[in-house]
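Asks: Count along the sequence shown from 1, add 201, and you get the number used in this note's numbering.
Among these hints, one or two may not hold up.
Said to hold, decoys possible - Quick list of simulated restraints, FRET-style, between CB atoms: (1) A338 / F272: 38 to 48 Å; (2) P339 / D247: 14 to 24 Å; (3) L343 / G267: 43 to 53 Å.
Calculated directly from the structure, the hints in this document are not laboratory data.
Just so we're clear, the structure is a prediction, and the values are computed from it rather than from any experiment.
Even for Gly, the Cβ is constructed at its ideal location relative to N, Cα and C.
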Amino acid sequence: MSPDATPTPLTATVWWAHTSAASSRLVRLLDEGERTRNERFRLQADRDRHLLGRAMARLSLAQLSGCPPEFIAFDLYCPSCEEKERAGAARDKSPHGKPHPIGAAQGWEFSVSHSGEWVALAVTDGAPVGVDVERVAPARDLDGLAGYTLADDEHRVWSVLDEPQRTGAFYGYWARKEALLKATGLGLSGGLRRVTVSPPDGEARFLAWEGNGAPGPVWLSDLEPEAGYRSAVAVLTDRPVDLRVRTAQETVSELLAVRS
Numbered sequence: 202m203s204p205d206a207t208p209t210p211l212t213a214t215v216w217w218a219h220t221s222a223a224s225s226r227l228v229r230l231l232d233e234g235e236r237t238r239n240e241r242f243r244l245q246a247d248r249d250r251h252l253l254g255r256a257m258a259r260l261s262l263a264q265l266s267g268c269p270p271e272f273i274a275f276d277l278y279c280p281s282c283e284e285k286e287r288a289g290a291a292r293d294k295s296p297h298g299k300p301h302p303i304g305a306a307q308g309w310e311f312s313v314s315h316s317g318e319w320v321a322l323a324v325t326d327g328a329p330v331g332v333d334v335e336r337v338a339p340a341r342d343l344d345g346l347a348g349y350t351l352a353d354d355e356h357r358v359w360s361v362l363d364e365p366q367r368t369g370a371f372y373g374y375w376a377r378k379e380a381l382l383k384a385t386g387l388g389l390s391g392g393l394r395r396v397t398v399s400p401p402d403g404e405a406r407f408l409a410w411e412g413n414g415a416p417g418p419v420w421l422s423d424l425e426p427e428a429g430y431r432s433a434v435a436v437l438t439d440r441p442v443d444l445r446v447r448t449a450q451e452t453v454s455e456l457l458a459v460r461s
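All chains should be built: construct the whole structure from the sequences, respecting the hints.
Replies: Shown next as structure tokens:
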């Protein structure tokens, strides 16, 4: 590619599902370990969110890979444990970390998030991706949460907002930051204050990373499932991103095909 050539866009697809789309018939898309975990959730709402996330992941990856959903398998990878081993410390032996497709769907990347009545799935071809959705709800100690969530520059901008704006802005910051941390594979263990992003009232941009392990080029965008939620998707790439969104109605059509 010549220096002046425009890089080929990378496609990132986001699927949305409302929890009302959950059905016990989707359980057959889960493997044995996922079914066991699903049964351990005490609340039906948690079972529904987990079921939808795993079912959507298998359906989307099966479509992209051209194979039946039951052929889709995952492995777990934890960057934090890799760092521990390099430092001479013992890693956690229990299965954990960000799931990566193996076998027929190897090479694809995905991320799942859920909050309230919404479940989001983001999928890309080969570029690490993270998605996060947060229901906006008044917090008993929003100032305390902001103290360990927002970087210093973010906190200065956030703290002077009018009271009605602060709650929504806080969750806007959180969604952008967690989406990026999930793309790196670190998740919340990576530390929200390490990440600095642009204020939620403007275009989503990654600004800074404190300490080691900076992710390199980042593409970041907001997503809005409906009023009362904040959501974002992050892709670790220097290529332009073609964002495609599958609505809840489109997702339901895919799920109904499985359930019928």
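Asks: In this structure, is the beta-carbon distance linking A338 and F272 contained in 38 to 48 Å?
Replies: 39 Å, holds
Asks: Taking 43 to 53 Å as the hint, is the beta-carbon distance of L343 and G267 inside that range?
Replies: 47 Å, holds
Asks: If you check the beta carbons of P339 and D247, does the distance land in 14 to 24 Å?
Replies: 22 Å Cβ-Cβ, so the 14 to 24 Å window holds.
The structure is consistent with each of the numbered hints, conforming to all of them.
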